[in-house]
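Using the hints, position chains B and C against chain A.
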Amino acid sequence: MPRRGWIVLVGLAVLIALPALLGSYLVTVFILVFFYGYLGQAWNILAGYGGQLSAGHAAFLGVGAYTATLLAMHAGLSPWLGMFAGAGAAGLLGALIGALAFRFGVRGFYFVLLTVGFAEVCRIVALNTDAVGGALGLYITFTGDPRQLQFRDNRAYYYVALGLMVLATAVTGLVERSRLGTYLRALREDEDAAEALGVDTFRVKLLAIVLSAALTGLGGAFYANYLFSLQPNAVFGIPLSVDIIIRPVVGGAGTIWGPLLGSLILSPLAELSRTYFASGGLAGTHLVVYGFLLIAVVLLLPRGAYPELVRLWGRMTAKGR
Amino acid sequence: MDLTLVAQGLLNGLLGGGVYSLMAVGLTLIFGVMRVVNVAHGDMMVWGMYLAWLLATRLSVDPYLGFVVCAAALFVLGWLVQRGLVDRVVEAPHETQILLMLGVGLVLENLALMVFGPDPQRVRSPLAQATLWLGPVFVDLARLVTFGLALGLTLALYLFLTRTGLGRAMRATADNAYGALVVGTDVRRVYAAAFGIGAACVGAAGALVSPILPFQPSGGLAASVTSFNIVIIGGMGSFGGAFVGGLLVSVAESLGAIFLAPAMKELVSFSLLIAILLFRPAGLFGRRA
Amino acid sequence: MALLEIDGVAKRFGGIRAVAGASLAVERGEIVGLIGPNGAGKTTLFHLASGFLRPDAGEIRFAGRPTTGLRPHELCQRGLTRTFQIVKPFQGLTVLENVRVGALARARGFAEATARARETLAFVGFEARANVVARGLTLADRKRLELARALATEPSLLLLDEVMAGLTETETERTIELVRQINARGIAILLIEHVMRAVMALSRRIVALNEGEVIAVGSPEAIARHPGVVAAYLGDADEEARPPGAGRTLDA
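Chains as they are written, first to last, in our numbering: chain A, 1 to 321; chain B, 322 to 610; chain C, 611 to 862.
Worth flagging that the hints you see were computed from the coordinates, not collected in a lab.
By construction, the Cβ of each residue, glycine as well, lies at the ideal position given by its N, Cα and C atoms.
Heads up, a few of these hints could be off.
Just a sample of chain A residues kept apart from chain C, beta carbon distances all over 10 Å, derived [unchecked claim]: (1) P2; (2) A99; (3) S229; (4) V288.
Just the calculated beta-carbon pair ranges, DEER-fashion [what the hints assert, rightly or not]: (5) A:V8 / C:A775: 43 to 49 Å; (6) A:R152 / B:M585: 40 to 46 Å; (7) C:T678 / B:T483: 53 to 59 Å; (8) A:G105 / C:R807: 39 to 45 Å; (9) C:T678 / B:F580: 52 to 58 Å; (10) B:L455 / A:T141: 54 to 60 Å; (11) C:E669 / B:D496: 36 to 42 Å.
Next up, chain A with everything else stripped away, as it sits in the complex (with noise of 0.2 Å):
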């Protein structure tokens, strides 16, 4: 629909042109929102679209840091490059679990605990490998070298963010529009039948992991670069895990926009009781409200905010004739 392709435009042009208007803070918050975005786009090809709920995706964005970062460290490849090698890791990481899990029948909550077993496997064993850096992990050294992916404006940063957002929202229309995501949404809705009209499903729900780990592994040089610190219980955690599954799902799981604006609601809400609630005991307040949001969607709108007001608006449009 040419319409929505406008729509698509003129938003992008107005989040390239954002920054000259906003402030610092505000350009650090839009950048969460769309980094978190884009691991959430990610996480939904294999999740949403596919149905296969993975709470362990931390694993590959962690892989693909820590890849990235020791290329730099002892090879001195540029993150540009790195990166790549990052979401290959992250990539072989997706094949293994979707090899062994796909091939075993491993569906449903034992898939999730499954993906949650491998994140805890490669955080502990992170941590335990000094070679890698331990507990204590990798620092990386800021020297705002934009080849080495750093950089001294914050708006930079805005711009790679919003880089990776857009191309894993491309990746999804295009998924979307494929034999591959038509397969796979049948696939979520019922195996069985989908088998029986041809869909080799262990093929199809391999691809969608590999694709959705390697996209994950992707934005890992990214986020050693603007943190500057890779910690195993931070990058392999379930927290992040966590953070990476709730904003596609209050947004809309299974849909292109879903990630999006789940993440738009989302990550501004986790930065300002980040802030708030930093000092004190009040840390894990964000969490809390994470949970009681995780709550409420699931109960009030299950499929995500997104389709519910695709629905209000089609109501509304209805109206007006």
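Coordinates of chains B and C only, in the frame set by chain A:
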């Protein structure tokens, strides 16, 4: 190889198995009756621990008495969670249920974090000081009492399920919810009771274990994983499987701790989980999910 | 050489013998009816033929080649498509999207698949509902969707599992006519049915199953008079109990 060490490990493992069994039995009951996985199981256990701690530090109630209160409190929590939340998604796809319980777990864990802080706590029980010697091996009196009480609770649950009307209704519902409905069982009440009892089990387990091990809000995940491990090994929905599985896993962990470094213990636990999920047996006493 | 050859096939579930030494054949382009009381093993036979279950004994050949070990999607690629007794629509997808999944089995691209899907919908008379989400369909429409979806895979053999169950008179008539038209295109059909009128009207030959064994094969007239078949059905009316495990669904 020091045989005494192994014997000690075996004994401690067996004793620890009482609590593991209780945890697992609670989880498998919930799943067996309503096919819902209580993802927040470990987080409920943590609250059992903290409630025991509150009772001990504020009201000077020994956890070996206070566990009753913890069980009751968690029963109410479980009942409310089921009636208010889970009831609405019993028919929904599994992903919805998982996400709901994930939300509940998040709230429970982080409320505990907000209220009690992140640092590990311990409960002091006068019994925790005494040690008995059985030949070359020794037994912490506390572990023994914990084991005994956990076993007692598990037995009580077993009697409840086999001898009482409500218990039988639960087993009937677990077998065939539609059939139970047809013969007039108040299925919603059965569900709520099952969830409540499951939560009570794990709350009591938490209270019983509080004098023995330090605990913190983030410990919920490990407790949940252990429970899942046991229940999957023993067969989802199988009472006997959960009971035996709890003893087995505890002994295995205990022996493993002797031969492996502490960091490896967690690794082994998760690797075991992965292996079990892949080569998922039909459980010790049959009944695959 | 028949299109589908089921040769002495057996399948147990625990202590239950669902299928025991059953043999039947379907020639290219013919319609064969498969009848039998509840629990006779008809759906199990479908599961075996379509790759959802592996036989414990015996062999199944499709287009001359053995099918042992082939997964359902591979069989579909070769031209064998089945429907399900309890219909399995892709609930969240529209009717068109549902059928398109089937069409993608043969089509070379997305656009071609969409076109084929539309053609199929037109053929079964369902184009008006193309954009309706499957979740909102009536039972009769779901059955038609199930049929359309399977048809879109361009099979040479269609396994239809009780497509008439639960339909009204008119709907049944319409479906009978539809099945005829499908067959007229050269597609062979193996039809499980309890609606006797439909089976008699459509089948060139009928295979009667009871307790996992083939008890009779013949023309509709011969089968109707066969004492063993009559007894099997009368016997079924007397004993209400179905053997446990027979006709079980796949998600156990």
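Would you say the C-beta atoms of T678 of chain C and F580 of chain B sit inside 52 to 58 Å of each other? violated (45 Å)
With 10 Å as the threshold, tell me whether A99 of chain A passes as away from chain C on beta-carbon distances. holds (16 Å)
How does the Cβ-Cβ distance of R152 of chain A and M585 of chain B compare with 40 to 46 Å: does it lie in that range? This hint holds: roughly 44 Å between Cβ atoms.
Claimed clearance of chain C by S229 of chain A, with the beta carbon kept past 10 Å: holds (42 Å)
Beyond 10 Å on every Cβ pair: is that true for P2 of chain A relative to chain C? Correct as stated: the minimum Cβ-Cβ distance to chain C is 18 Å, above 10 Å.
If we take the beta carbon of V288 of chain A, is the closest beta carbon in chain C still more than 10 Å away? Since the minimum Cβ distance to chain C is about 32 Å, V288 of chain A lies beyond 10 Å and the statement holds.
Per the hint of 43 to 49 Å, is the separation of the Cβ atoms of V8 of chain A and A775 of chain C within bounds? Holds - the Cβ-Cβ distance for V8 of chain A and A775 of chain C, about 47 Å, lies within 43 to 49 Å.
Pairwise beta carbon distance, L455 of chain B to T141 of chain A, judged against the given window 54 to 60 Å: holds (59 Å)
Assessment of proposed distance window 36 to 42 Å (beta carbons of E669 of chain C, D496 of chain B): Since the Cβ atoms of E669 of chain C and D496 of chain B sit about 38 Å apart, the hinted range of 36 to 42 Å holds.
Go ahead and decide if the range 39 to 45 Å is satisfied by the Cβ distance of G105 of chain A to R807 of chain C. About 41 Å separates the Cβ atoms of G105 of chain A and R807 of chain C, which means 39 to 45 Å holds.
Just tell me: holds or violated, for the beta carbon distance of T678 of chain C and T483 of chain B against 53 to 59 Å? Because 46 Å falls outside the window, the suggested range is violated.
This entry does not satisfy hints 7 and 9, going by the numbered hints stated previously.
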